[in-house]
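Asks: Here are the chains, one letter per residue:
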Amino acid sequence: MATIKEIEETIVEEFGYYDDWMGKYEYIIELGKSLPLVDEKYKTEENLIKGCQSRVWLYAELEGDKIIYTADSDAIITKGIIGLLIRVLSHQTPDDIINTNLSFIDRIGLKEHLSPTRSNGLVSMIKQMKLYALALKTKML
Amino acid sequence: MTAVAQHKTVLDVEKVRKDFPILSRKVNGKPLVYFDNAASSQKPQSVIDATNKYYSFENANIHRGVHTLSQEATSAYEVVREKVRAFINADKSHEIIFTKGTTDSINLVAFSIGRTNVNEGDEVLISAMEHHSNIVPWQMVCEEKKATLKVIPINDDGELMMDEFRKLLSKKTKIVAVTHISNSLGTVNPVKEIIAAAHEKGIPVLIDGAQAIHHTTVDVKELDCDFYAFSAHKMYGPTGVGVLYGKEELLNAIPPYQGGGDMIKTVTFEKTTYNELPHKFEAGTPNIAGGIAFGAAIDYINSLGFENISAYEHELTEYALQELKTVPGIKFIGNAKERASVISFLLDNIHPYDAGVILDKMGIAVRTGHHCTQPLMDRFRIPGTVRASFAFYNTKEEVDVLVKGLHKVIDMFK
Chain Z
1 MATIKEIEET IVEEFGYYDD WMGKYEYIIE LGKSLPLVDE KYKTEENLIK
51 GCQSRVWLYA ELEGDKIIYT ADSDAIITKG IIGLLIRVLS HQTPDDIINT
101 NLSFIDRIGL KEHLSPTRSN GLVSMIKQMK LYALALKTKM L
Chain L
1 MTAVAQHKTV LDVEKVRKDF PILSRKVNGK PLVYFDNAAS SQKPQSVIDA
51 TNKYYSFENA NIHRGVHTLS QEATSAYEVV REKVRAFINA DKSHEIIFTK
101 GTTDSINLVA FSIGRTNVNE GDEVLISAME HHSNIVPWQM VCEEKKATLK
151 VIPINDDGEL MMDEFRKLLS KKTKIVAVTH ISNSLGTVNP VKEIIAAAHE
201 KGIPVLIDGA QAIHHTTVDV KELDCDFYAF SAHKMYGPTG VGVLYGKEEL
251 LNAIPPYQGG GDMIKTVTFE KTTYNELPHK FEAGTPNIAG GIAFGAAIDY
301 INSLGFENIS AYEHELTEYA LQELKTVPGI KFIGNAKERA SVISFLLDNI
351 HPYDAGVILD KMGIAVRTGH HCTQPLMDRF RIPGTVRASF AFYNTKEEVD
401 VLVKGLHKVI DMFK
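Sequence order for the protein chains is Z and L. Numbering of the first sequence is given in the working numbering, commencing with residue 1 and proceeding in unit increments. Numbering of the second sequence is given in the working numbering, commencing with residue 1 and proceeding in unit increments.
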């Protein structure tokens with residue numbers, strides 16, 4: 001299994017094929033369609049990352065010593081973005097997830113989604129993914 | 001001259017646009033199309049200059065100093081109070097209370113009236129299309145006083161159900177607080193009728209004028225409203241400045257909202273006596289620069305003339321409605337017969353957020369989301385809308401850019 005850093009490099013390379021915003025967003029929309037969807041039974045209020053703009057459900061479970069994330073959103077761009085995060089962080093160990101410092105978002109030109117005004121954006125998703133990792137790590141002990 | 005030419009408004013939009021430096025900037029490499037005027041309008045150079053001039057040459061605290069600068073700053077600030085009075089045709093300039101904005105103005109009334117007039121079992125009446133800032137303060141008062149918040153329902157076109165409103169007025173109703181124009185739907189409410197009906201039962205009325213004050217002539221005497229709240233930043237003025245108009249006898253009857261400097265007559269540790277209107281409600285050093293720049297914004301609006309502004313905005317809104325109708329799958333939220341230059345819509349099942357992100361990439365600034373009216377979105381069972389709101393400096397060409405942008409959005413998400 002590739003490491004977080006290796007997957008980040010692959011994503012940066014993929015996005016390198018697009019030199020305009022439209023291509024990038026079309027790719028994100030495509031990614032949104034292949035997002036590993038959260039099981040309907042986990043689309044609950046407590047798994048909802050609440051924000052101003054779109055709704056995001058995020059769920060995590062352990063498979064051996066790795067964490068598997070699933071998610072869903074009512075907005076497609078949001079689905080694509082969380083899909084990217086899941087691609088990087090799913091199937092990794094809790095420690096790797098907690099200690100990682102993701103760099104690909106900035107490098108693929110999606111920095112604007114990191115701004116706090118895009119409430120419901122990447123920042124709260126990453127935070128929630130790390131919180132899941134922390135919670136599941138204590139379960140492993 | 002042709003018939004069409006005769007109907008043209010006298011507003012020279014290209015000239016007007018030059019007064020607003022921000023309108024010539026690019027966003028994401030594209031010329032900015034600013035359609036988020038209902039959230040905040042842009043500022044003409046004269047407003048920006050007034051702020052600069054104040055800090056460069058006139059800065060001093062007001063209402064206190066005997067020195068020249070303080071006296072000059074006080075005069076410059078108080079001149080604006082008189083300008084606001086004339087602008088809304090109030091009787092007296094001390095009926096104009098300067099606040100931080102509409103939200104602050106509504107909170108002032110809610111907490112002052114709440115403390116004195118609202119008791120257990122009483123009711124406060126608002127409408128289903130209120131902005132959170134005209135819901136939450138009343139909710140807080142009702143919770144504290146064990147009173148009930150009642151809501152005037154709306155129909156599917158986004159208009160107030162006036163028969164229901166009349167039925168909701170009762171002996172228990174202590175105040176009616178409704179918006180003049182809906183920020184989400186653009187509906188213009190029959191506020192004069194609402195005020196008259198409430199007054200028949202002796203109930204005071206607060207009008208949230210945040211979305212109306214820059215679109216139409218507001219005459220508080222003609223409306224006969226008891227309170228009227230609005231913000232400078234939506235009327236081409238600075239942020240952090242707002243107005244509460246209140247009838248003198250009501251403002252005298254209710255207690256101050258905040259304590260501090262400027263609002264007192266005498267202070268001892270045993271007892272404080274309050275200053276007269278308007279200072280009773282203006283504790284602390286106000287936003288002096290903002291107030292003075294607000295005066296420049298009023299001058300600017302007056303120089304264009306409301307008749308011209310309203311006529312042009314109406315023409316532009318009609319054009320936008322007509323052009324937007326051609327966009328496949330568009331669904332308008334709010335179809336009131338009386339409407340302002342605010343258009344809310346959805347594109348089939350495309351999420352407003354998705355549409356907003358793509359439009360932004362094309363330099364088009366619209367608002368997406370619930371517009372701080374969550375109960376209203378729940379009423380229509382939608383997560384939010386895309387909202388385009390126009391000002392007199394917007395053009396038909398910009399509307400065309402939006403329509404083209406929406407076609408692109410549909411292409412990308414189909």
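Fair warning: there could be bad hints in the mix.
27 Å max Cα-Cα, derived BS3-like pairs, lysine-lysine [stated by the list, open to error]: (1) L:K30 - L:K414; (2) L:K414 - Z:K111; (3) L:K18 - Z:K111.
Only some residues are given here: those of chain L computed to face chain Z with a beta carbon under 7 Å [stated by the list, open to error]: (4) K172; (5) D354; (6) V357; (7) C372.
Far from chain L by the CB rule (all over 12 Å, computed), these chain Z residues [what the hints assert, rightly or not]: (8) I29; (9) I77; (10) T93; (11) Q128.
Honestly, the hints are just simulated from the structure, not real lab data. Here the structure is a predicted model, which means the values were calculated and not measured. All residues carry an ideal CB built from backbone N, CA and C; glycine is no exception.
Asks: Can D354 of chain L be said to touch chain Z, with a Cβ gap under 7 Å?
Replies: Holds, about 5 Å.
Asks: Does the no-contact call for I77 of chain Z survive, Cβ to all of chain L over 12 Å?
Replies: violated, 5 Å
Asks: Closer than 7 Å between Cβ atoms is the bar; does V357 of chain L clear it against chain Z? Give me holds or violated.
Replies: Result: holds, 5 Å to nearest chain Z Cβ.
Asks: Over 12 Å to the closest beta carbon of chain L is the bar; see if I29 of chain Z clears it.
Replies: violated, 6 Å
Asks: Given the hinted pair K414 of chain L and K111 of chain Z, is their alpha-carbon gap at most 27 Å?
Replies: holds, 26 Å
Asks: Is it correct that the beta-carbon of Q128 of chain Z has no partner in chain L closer than or equal to 12 Å?
Replies: Q128 of chain Z is indeed farther than 12 Å from all Cβ atoms of chain L, at 18 Å.
Asks: Mind checking the CB of C372 of chain L against every CB in chain Z and telling me if the closest is under 7 Å?
Replies: Since the shortest Cβ distance to chain Z is 9 Å, the answer is violated.
Asks: Quick one, are K30 of chain L and K414 of chain L close enough, alpha carbons at most 27 Å?
Replies: holds, 24 Å
Asks: Restraint: K172 of chain L near chain Z, CB-CB cut 7 Å. Satisfied or not?
Replies: violated, 35 Å
Asks: Given the hint that K18 of chain L pairs with K111 of chain Z, test it: the Cα-Cα distance must not exceed 27 Å.
Replies: violated, 32 Å
Asks: Is the nearest Cβ of chain L still more than 12 Å from the Cβ of T93 of chain Z?
Replies: holds, 33 Å
In this structure, the hints that do not hold are numbers 3, 4, 7, 8 and 9, in rising order.
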